[in-house]
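Student: As a plain string of letters, each chain reads:
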Amino acid sequence: MSTAVEDLQEIEGAALAALSGAQSSEQVRDLEITYLGRKGPLAAVGKSLGALPVEERKTVGQAANRVRSLIEAEIAGKLAELEVAERDGRLEAERLDITLPGRTPATGRLHPLTEVLEEIVDIFVGLGFGVAEGPLVETDYYSFQALNIPQDHAARSMQDTFYVDTGNEQPFVLRPHTSPMQIRLMEKQQPPLYVVVPGVVARRDEIDANHLAQFMQIEGLAVDDGISFADLKGVLEVFARRMFGSNLTVRMHPSYFPFTEPSAEVYVSCFACDGSGCRTCRGEGWIEIMGAGMVHPNVFRSVGYPPETTGFAFGMGIERIAKLKYSVTDLRSFYDNDLRFLDAR
Amino acid sequence: MKVPVSWLGEFVEINEEAEGVAAKLTASGMKVEKLYRTGEGVEGIIIGEVSAISAHPNADKLSVVQVRTGCMDISVVCGARNFAVGDKVPVAQPGSRVPKVGEIGRRKFRGVPSEGMLCSAAELGLGDDHSGIMILDPSNVVGSDFKKALGLGEAVLELEINPNRPDAMGLIGIAREVAACTGASLRDFSAMLEFGVSGARTPDLVKVEIHDPVGCPRYMARVIEGVAPAKAPVWAQQRLIMGGFRPISAVVDATNYALLVTGHPQHAFDMDKVGGAQIIVRRARSGERMISIDGAERRLDPEDLVIAGESEAVALAGVMGGRDSEVTDSTTRVILETATFEPRSIFRTSRRHSLRSEASARFERGVDPNGVDLASRLAAALIAAWAGGNVAEGEVDVYPSPVAREAIVMRPERARALLGVDFTTEQMTDVLGRLGLNPEDENGAIRTTPPTFRVDLKAEEDLIEEVARVIGYDRIPTRLPAGRNRMGSLSAEEHLLRKLRRALLGAGFYEARTSSLVGPADLEKIGLTAADATRLANPISHDESLLRPSLLPGLLRSAAGNFARRPGDVRLFEIGRSFHPNGVEAPTEKLKLAIALGGTVPQQWYAAARELDFFDLKGALEVVLRTLSIRDAAFEERREVPFHPTRAAGLFAADGTRLGIFGEVEALAADRAGVPARFSMGEFDLQALLEQVGEPLPPPETSRYPAVLLDLAVVVAEKVDAARILGTARAAAGELLESARIIDVYRGDQAGAGNKSVAISMSFRSAERTLGEGEALDSRDAIAKAIEQTLGGRVRA
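Quick note, the sequences are listed as chains A and B, same order. Start counting the first sequence at 1; every next residue gets the next number (the working numbering). Start counting the second sequence at 1; every next residue gets the next number (the working numbering).
So that you can see chain A by itself, here it is in the shape it has in the complex (with noise of 0.2 Å):
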């Protein structure tokens, strides 16, 4: 009788030492099979019971019952512990350099001056200014003569401007400025007029760090009742605290264009030194953005508006804000294409 207790105290040994040397629970899982299976000892100790006497069985039923639920929560504990510690270790295993680069898709950019050019336009859009585009070859007359500039003024020489070969009497040349929009618009259109008018234009320069052959223009034109000088001062205020910061001051200087008067330099105090004098601005504190004015009398008569009428214009060289903007030390950078200096900013 006391073989049949015996031998469950064995497997009972046999199984928690076992169990208790598992690495694995794929381990544990055979061992379970192993003492708990249909083929284990446990399985044919009850296989045994029917042979034996009625209270022998008893207490022997009892035993086994004992061993077998002992050795499932033993198997359960172990189970339960290990499959913690073998998640963790396939975890680990998976862990990611996250240091390693994205999978990144190819990117490009706009070109510098496309970003400045639409920064700019925006502005004057949302001051609501419309856009208009004009040709690079233009005739003598929407160049020069109609802006007012007078034949033999420097800039209508052959040193200055560039001109056309065509063969035709009345000469072309490539705009030495986008002003003949405000020609051609005004031709077209009666007031009011708010437009700006960005282009390329091309002057008879020596090219070098700070002078381009070829370079792009933003014009504006506002041509209404009761414009003065003082909203050419509002918008040209607006425009430059929204382009180069809300604490800037802006500097009106009178100066000389042939197609305004009164006209005017503009400047803006120093956005990289707040005006105190630094190499942006070669230590003046302030920088010279654009010339502006208001529209001669004699540009409205050569398109046949009133002689009344009011109106302002200004323009500007978008390289030389884009050098500004970014820092650039070379106008020549910016039509190289070199990816690096595209990529940059």
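Be aware that one or more of the hints could be misleading.
Unchecked claim - Partial pick of chain B residues on the chain A-facing surface, computed with a CB cut under 7 Å: (1) L418; (2) S516; (3) R535; (4) S558; (5) N562.
FYI, nobody ran anything at the bench for these hints, they're computed from the structure. All residues carry an ideal CB built from backbone N, CA and C; glycine is no exception.
Using the hints, position chain B against chain A.
Tutor: Only chain B this time, still in chain A's reference frame:
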């Protein structure tokens, strides 16, 4: 123009620091570029005397100069030769500082040690003259401090004079501006114009005829007899140097000094070298020649205005004198010319002969005929004082049509409306008065009679500007235009262009901008010649002599530059205009889109290196078409230079319009252009593309039922293209075929020579029910059969 404040003070009261004057001048439109003090940066320079000059043993252009400096003689190597033994010169010894050079040390020049340097005026920051060493007045004491001896340290205003203000190109004009914007009074300088006269009378000594009164409105001549070779006083020389003139002789210096004061250029002739003591102002004869003061022989043009004696031209009027009649040390009698010339004529002559002088720069802008007498008197007085001559009595003055002052009326209310500020009539009248415009009330308006030297004042607006600039632009308020019913917007085209640019950025392309100007060599690279482009009449260089007929040369050049700088891939696009010859009319300007790519995308840890090719470009183009909602565009093979003959395609709209061409650049052409093999590019007519932009489609009705996905592999002859295979499949499939795309193209043994195996992935779906796999398989079989029958293909097991 450089203006020493102390000199300015001889013409206007200066009641404040130079900084204050500068700020007020700038605010009123007379821009002070720079305010500095002479001798800034000059430290430790002393006055030395040249005691010996010998040749440098190893260099022809250098000499070795011994200089007495007071305590010891030093030896200096020098490149200039304009000095002689006995001259007093500025000496920079080791340890001293010269502004344009820096600190001076001991060094050897080609083997000979030099204990310092002799300085030019330019090196010392005292003028623009760097043609030689500065020769100092002999009265200077050897060893004394240069800065103290020359009285350096005075304030100088460097002014930028607007081209419409020739009257301000002299001290008197600037003094008037200072008076107007500071409120100070002008000084009486009439004493400067006084001189004694000798017995002879100018009209008896010289005759003047103007044959071209349009070209020369006024000519005044004055004779000074008995001049001796002399130099202008040192203080005057210093002022000349500052003003950009090199001191030459007392007579010439006197005319230049008068120019700086009055802004009126004058010329002195050696009277005995002017044929017949006769001045004739006329146009040059054809074939006439003259040697100008700079030694160049000038072939005169019949449009050139000249000053001539009885037969020969002695000066290019208002531009430069002639060498043969210039004042020299042997000159005893001088004709002083004070004239005015028509600006255009001077402009043309100066350009024609590439001669720009201080005189031409002023005459080009317009010099006041009514200022002639003042200028002439000042120069005569200076010549008499410095060269010791006697001024002949009277003058010859030919002035057939005197210029009179003209009235300009300004309406105060117009000024207020134009400026947007409530300046009072009294305020405005006061400003106009301070400017010397003689304002008077005329029924509430202000009537002015500006002096004739104010050539810039022609109309009411000009007076309004005077008011605004003198009161100050900063006194005008700021406001925004009221503008009723006004709304700013971008054009539809600009919206599309912005969308397009961003789509291309997302596809990995950088935006480039290239010049509109190209050269013949650029065009050859893409198979064009100069005849295909509009040419400039006056290019700066051959390389930029044509207007680009295509954006491709620029992109090609930009790409080549990048490949030369680094390995890897390049992806660029540009949106810009091309120019197409149009007979005698202006060239047609077309908006274009150009795309270019090539090179190898470098290996990554997750991907192998990959060479970009035709299909990367086609992919970009498909992005463009999708962005612009252009559907049904067609690609057709095209053979065109400079593309690979079997790897290029034209892009066509559904209506047959050609939209552009793209492809791989032919290998030799790619090599010549400096881009790698398989480099691909294309150019598209953006205007035409924008015209094809489609309306948005309504969203498709999407089926709620699942799709059946099936693949099919067919072997077809090499010449059967993908478009035909898909077309045949779609035609045969019936409406259950939702989509079909090519997922593999295989060439090799299993396909057989001259064949390729093409795998297609298809999706079948019904709008009304869940599709059985059998139905999809039936459809696939129909497709397979059609491909076998119409394309001669064979289904792969």
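Student: Is the interface hint satisfied for N562 of chain B? The criterion is a beta-carbon contact with chain A at less than 7 Å.
Tutor: Cβ of N562 of chain B sits 5 Å from chain A, so the hint holds.
Student: Please check whether R535 of chain B passes as an interface residue: C-beta within 7 Å of a C-beta belonging to chain A.
Tutor: holds, 5 Å
Student: Could you check if S516 of chain B really has its C-beta closer than 7 Å to a C-beta on chain A?
Tutor: holds, 6 Å
Student: When the nearest CB of chain A is found for S558 of chain B, is that gap smaller than 7 Å?
Tutor: At about 4 Å, which falls below the 7 Å cut-off, the nearest Cβ of chain A leaves the hint on S558 of chain B intact, so it holds.
Student: With 7 Å as the cut and Cβ atoms as the points, is L418 of chain B at the interface with chain A?
Tutor: Given a least distance of 6 Å, the restraint on L418 of chain B holds.
In this structure, none of the earlier numbered hints is contradicted; all agree with it.
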